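Student: As they're listed, the protein sequences go chains Y and X. When we follow the numbering used here, the leftmost residue of the first sequence carries the number 1, and every step to the right adds one. When we follow the numbering used here, the leftmost residue of the second sequence carries the number 392, and every step to the right adds one.
There may be inaccurate statements among the hints.
Said to hold, decoys possible - Between beta-carbon pairs, the in silico distance windows are:
hint : chain 1 : residue 1 : chain 2 : residue 2 : range
1    : Y       : K378      : X       : V458      : 35 to 43 Å
2    : Y       : G63       : X       : V437      : 44 to 52 Å
3    : X       : H440      : Y       : P19       : 45 to 53 Å
4    : Y       : N287      : X       : P544      : 43 to 51 Å
5    : X       : L490      : Y       : N311      : 50 to 58 Å
6    : X       : V458      : Y       : R24       : 52 to 60 Å
To be verified - Restricting the straight-line Cα-Cα distance to at most 27 Å, the calculated cross-link-like pairs of lysine-lysine (DSS-like) are:
hint : chain 1 : residue 1 : chain 2 : residue 2
7    : Y       : K16       : Y       : K142
8    : X       : K532      : X       : K442
9    : Y       : K348      : X       : K506
10   : Y       : K378      : X       : K442
11   : Y       : K218      : X       : K395
12   : X       : K462      : X       : K442
13   : Y       : K379      : X       : K462
14   : X       : K506      : X       : K548
15   : Y       : K378      : X       : K532
16   : Y       : K168      : Y       : K229
17   : Y       : K348      : Y       : K378
18   : Y       : K378      : X       : K395
19   : Y       : K218      : Y       : K229
20   : X       : K480      : X       : K395
21   : X       : K462      : X       : K506
22   : X       : K506      : Y       : K379
23   : X       : K431      : X       : K395
24   : Y       : K142      : Y       : K229
25   : Y       : K9        : Y       : K142
26   : X       : K548      : X       : K503
27   : Y       : K229      : Y       : K162
It should be emphasised that the hints constitute simulated quantities derived from the structure, not laboratory data. Given the structure is predicted, the values throughout are model-derived calculations rather than measurements. Cβ coordinates follow ideal geometry from the N, Cα and C atoms, glycine included.
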Amino acid sequence: MRPPCDPSKFVAEIVKNVPPSGIRRFFDLVSGLEDVISLGVGEPDFITPWHIREMCIHSLEKGQTSYTSNYGLPELRDELSRTYYRRYGLDYDPASEILVTTGVSEAIDIALRAVVNPGDEVIVVQPAYVAYVPAVVLAGGKPVIVSTHRDDEFRLTAEVLKPAITSKTRAIVLNFPNNPTGAIMTREDLEDIADLVAEHDLLVISDEVYECLTYEGKHIPFSSLEGMKERTVMLNGFSKAYAMTGMRLGFAMAAPEIIRSMMMIHQYSMLCAPITAQIGALEALRNGNDEMERMVREYDRRRHFIVRGFNRIGLDCFTPKGAFYAFPYVGATGLSSSEFSERLLNEKRVVAIPGDVFGEAGEGFLRCAYAASMDDLKKAIDRMDEFVGGL
Amino acid sequence: MDEKIRHILEILENDARASPDEIAALTDMTAQEVSQAIAKLEETGVIRHYKTIIDWDLVGENYVYAVIELKVTLERNQGYQVIAERIYKFPEVRSVRLLSGDYDISLTVRGKSMKDVAFFVAEKIATLDQVQNTATHFVLKTYKEDGVILHEPEAIKRLPVSL
Numbered sequence: 001m002r003p004p005c006d007p008s009k010f011v012a013e014i015v016k017n018v019p020p021s022g023i024r025r026f027f028d029l030v031s032g033l034e035d036v037i038s039l040g041v042g043e044p045d046f047i048t049p050w051h052i053r054e055m056c057i058h059s060l061e062k063g064q065t066s067y068t069s070n071y072g073l074p075e076l077r078d079e080l081s082r083t084y085y086r087r088y089g090l091d092y093d094p095a096s097e098i099l100v101t102t103g104v105s106e107a108i109d110i111a112l113r114a115v116v117n118p119g120d121e122v123i124v125v126q127p128a129y130v131a132y133v134p135a136v137v138l139a140g141g142k143p144v145i146v147s148t149h150r151d152d153e154f155r156l157t158a159e160v161l162k163p164a165i166t167s168k169t170r171a172i173v174l175n176f177p178n179n180p181t182g183a184i185m186t187r188e189d190l191e192d193i194a195d196l197v198a199e200h201d202l203l204v205i206s207d208e209v210y211e212c213l214t215y216e217g218k219h220i221p222f223s224s225l226e227g228m229k230e231r232t233v234m235l236n237g238f239s240k241a242y243a244m245t246g247m248r249l250g251f252a253m254a255a256p257e258i259i260r261s262m263m264m265i266h267q268y269s270m271l272c273a274p275i276t277a278q279i280g281a282l283e284a285l286r287n288g289n290d291e292m293e294r295m296v297r298e299y300d301r302r303r304h305f306i307v308r309g310f311n312r313i314g315l316d317c318f319t320p321k322g323a324f325y326a327f328p329y330v331g332a333t334g335l336s337s338s339e340f341s342e343r344l345l346n347e348k349r350v351v352a353i354p355g356d357v358f359g360e361a362g363e364g365f366l367r368c369a370y371a372a373s374m375d376d377l378k379k380a381i382d383r384m385d386e387f388v389g390g391l
Numbered sequence: 392m393d394e395k396i397r398h399i400l401e402i403l404e405n406d407a408r409a410s411p412d413e414i415a416a417l418t419d420m421t422a423q424e425v426s427q428a429i430a431k432l433e434e435t436g437v438i439r440h441y442k443t444i445i446d447w448d449l450v451g452e453n454y455v456y457a458v459i460e461l462k463v464t465l466e467r468n469q470g471y472q473v474i475a476e477r478i479y480k481f482p483e484v485r486s487v488r489l490l491s492g493d494y495d496i497s498l499t500v501r502g503k504s505m506k507d508v509a510f511f512v513a514e515k516i517a518t519l520d521q522v523q524n525t526a527t528h529f530v531l532k533t534y535k536e537d538g539v540i541l542h543e544p545e546a547i548k549r550l551p552v553s554l
């Protein structure tokens, strides 16, 4: 008789140290409830445009189901290179400076693992997408949190960044347009950050997945700032702009040395991104602009609708200029973010994500995705109006 | 084109019943500004007409539709416009288009029965001097009309919460 076993002891310390996600609980609360309106999703409510799906189907019919280059299909990298040259005058060599990944999620993970040494500090600007802190921890780094504020419309300023930089700081993770706040950066802010980055010899990992969802002004890639190309790992993907979340396709653009080291991890863990998704992405870049712009105009209308709605029912909401999230302040009701969203769900069947899930700086706020149908947005505002009125 | 105007037109193209208040909320304008903009679009003919797409089959009104292709001869001093005008005045005719290719003009005609439509074509269209010949194609089923799909597509399930 062999001794009994407790499998939990096999779980690595580093994984045990990953902070739990505040969002898991919400999955459980929502499941089983009827007539729920969800502003809780981080994905478009559009289906991938038909010409992209059709191209994927056609490739499957032809039998294109093999591995691709570890770096990704050469045609896709060529097209990415051309696209960023056309959009911003950025010059990335498709052979050595672009890596196609399985979603931006993978790119975040391998970018951090490629550059972080044990004990290195990595600055994460919050409120932020929930993956950055765990990804830093799993890469053996130490996350250092910097908070943005409502008064700055959640832009990162050099003033709040500077005190967080130490001799151990290796990199900064930026995410603008931002999930969950919808904030975008101004050129002045970016130039100030770039000055600090150069002064302290840092690397910027810039997750720009909401690039195309910029409603006011024009997106500015961090790498397009003077002297920043070599200091930037630009991450982006097809999920948000082309409504391709489940296809899992992203990419990284950076200096050859960094792309090569990311590829080292990628080739042994992922081998290559799924070929069908890569073919769809190529079609998206070549012929997807009209459909993408149509979706962006639709988001733009919903953005105006939801912001006006929140302010009308007494939830102070600044006008987000990017992504598809509104971030109203609910603290004035006397409830915390999580109390507010939990009661809103139980009493009015509306799902919105409490801001503190995205870091302490998000406490008092609520992330509401307006990537939902107008009918749902109208109902959600009405129900939230009743809810706030009844407090 | 002004971005606000584009938004207004896209909203109305998709939903002719959208009210100035609703449009205002979507475009960051006031309802009055929206009403003024729409009035101007109507005056200048940018907005031609507001219509409703109806599935008559569902109320038991089984209209018959046909696409009719016409080959025509032009007479001296007469362009296609004159023939088109003669044809589109019939209320049975739902659309008239000038085409490139083998045929010159394409009509869609609506009638109560196939016989109805066939007689209409034989008596009113084929007999016109300029019409050389006609080809009538009866519509068996309409899947999409003016950008609207006429059956409920299966709903796609998304996770209610994702980050």
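Student: Now tell me if each hint is right for this structure.
Tutor: Evaluated hints:
1. In this structure the supplied range 35 to 43 Å holds for K378 of chain Y paired with V458 of chain X, their Cβ-Cβ distance being about 39 Å.
2. One distance hint, 44 to 52 Å for the beta-carbon pair G63 of chain Y and V437 of chain X, holds here, with the actual separation near 49 Å.
3. At roughly 59 Å, the beta carbons of H440 of chain X and P19 of chain Y sit outside the given window of 45 to 53 Å.
4. Checked against the hint of 43 to 51 Å, the C-beta distance between N287 of chain Y and P544 of chain X comes to roughly 23 Å, which is inconsistent with it.
5. Checked against the hint of 50 to 58 Å, the C-beta distance between L490 of chain X and N311 of chain Y comes to roughly 52 Å, which is consistent with it.
6. Checked against the hint of 52 to 60 Å, the C-beta distance between V458 of chain X and R24 of chain Y comes to roughly 56 Å, which is consistent with it.
7. Under the criterion of a C-alpha separation no larger than 27 Å, the hint pairing K16 of chain Y with K142 of chain Y is consistent with the structure, at around 15 Å.
8. Using a Cα cut-off of 27 Å, the hinted pair K532 of chain X and K442 of chain X holds, with the two alpha carbons roughly 21 Å apart.
9. The straight-line distance between the Cα atoms of K348 of chain Y and K506 of chain X is roughly 56 Å, outside the 27 Å bound, and the hint therefore fails.
10. Of the pairs offered as hints, the one joining K378 of chain Y and K442 of chain X holds, with about 24 Å between alpha carbons and a cut-off of 27 Å not exceeded.
11. At roughly 18 Å between alpha-carbon atoms, K218 of chain Y and K395 of chain X fall within 27 Å of each other, so this suggested pair holds.
12. For a cut-off of 27 Å, the pair hint linking K462 of chain X to K442 of chain X is broken: about 30 Å separates their Cα positions.
13. Restraint check for K379 of chain Y and K462 of chain X: not satisfied, since their Cα atoms lie roughly 53 Å apart, outside the 27 Å limit.
14. A distance of roughly 46 Å separates the Cα atoms of K506 of chain X and K548 of chain X; the hinted pair therefore is violated under the 27 Å criterion.
15. Simply put, K378 of chain Y and K532 of chain X have alpha-carbon atoms about 35 Å apart, too far for the 27 Å limit, and the pair is violated.
16. Using a Cα cut-off of 27 Å, the hinted pair K168 of chain Y and K229 of chain Y holds, with the two alpha carbons roughly 22 Å apart.
17. Distance restraint check for K348 of chain Y and K378 of chain Y: the Cα-Cα separation of roughly 14 Å lies within the 27 Å cut-off, and the hinted pair is therefore satisfied.
18. Note on K378 of chain Y and K395 of chain X: the hinted pairing holds, with a Cα-Cα distance of about 21 Å set against a maximum of 27 Å.
19. The hinted pair formed by K218 of chain Y and K229 of chain Y meets the criterion: a straight-line CA distance of about 19 Å does not exceed 27 Å.
20. About 36 Å separates the Cα atoms of K480 of chain X and K395 of chain X, which puts this hinted pair outside 27 Å; it is violated.
21. The suggested pairing of K462 of chain X with K506 of chain X holds, with an alpha-carbon distance near 22 Å, which does not exceed 27 Å.
22. Between the alpha carbons of K506 of chain X and K379 of chain Y the distance comes to roughly 48 Å, so the proposed pair goes past 27 Å and is violated.
23. The suggested pairing of K431 of chain X with K395 of chain X holds, with an alpha-carbon distance near 13 Å, which does not exceed 27 Å.
24. Our distance criterion of 27 Å between C-alpha atoms is met by K142 of chain Y and K229 of chain Y, whose separation comes to about 25 Å.
25. The suggested pairing of K9 of chain Y with K142 of chain Y holds, with an alpha-carbon distance near 24 Å, which does not exceed 27 Å.
26. Taken as a hint, the K548 of chain X and K503 of chain X pair is broken in the structure, with Cα atoms around 41 Å apart against an allowance of 27 Å.
27. Restraint check for K229 of chain Y and K162 of chain Y: the C-alpha separation of about 21 Å stays at or below 27 Å, so the hint holds.
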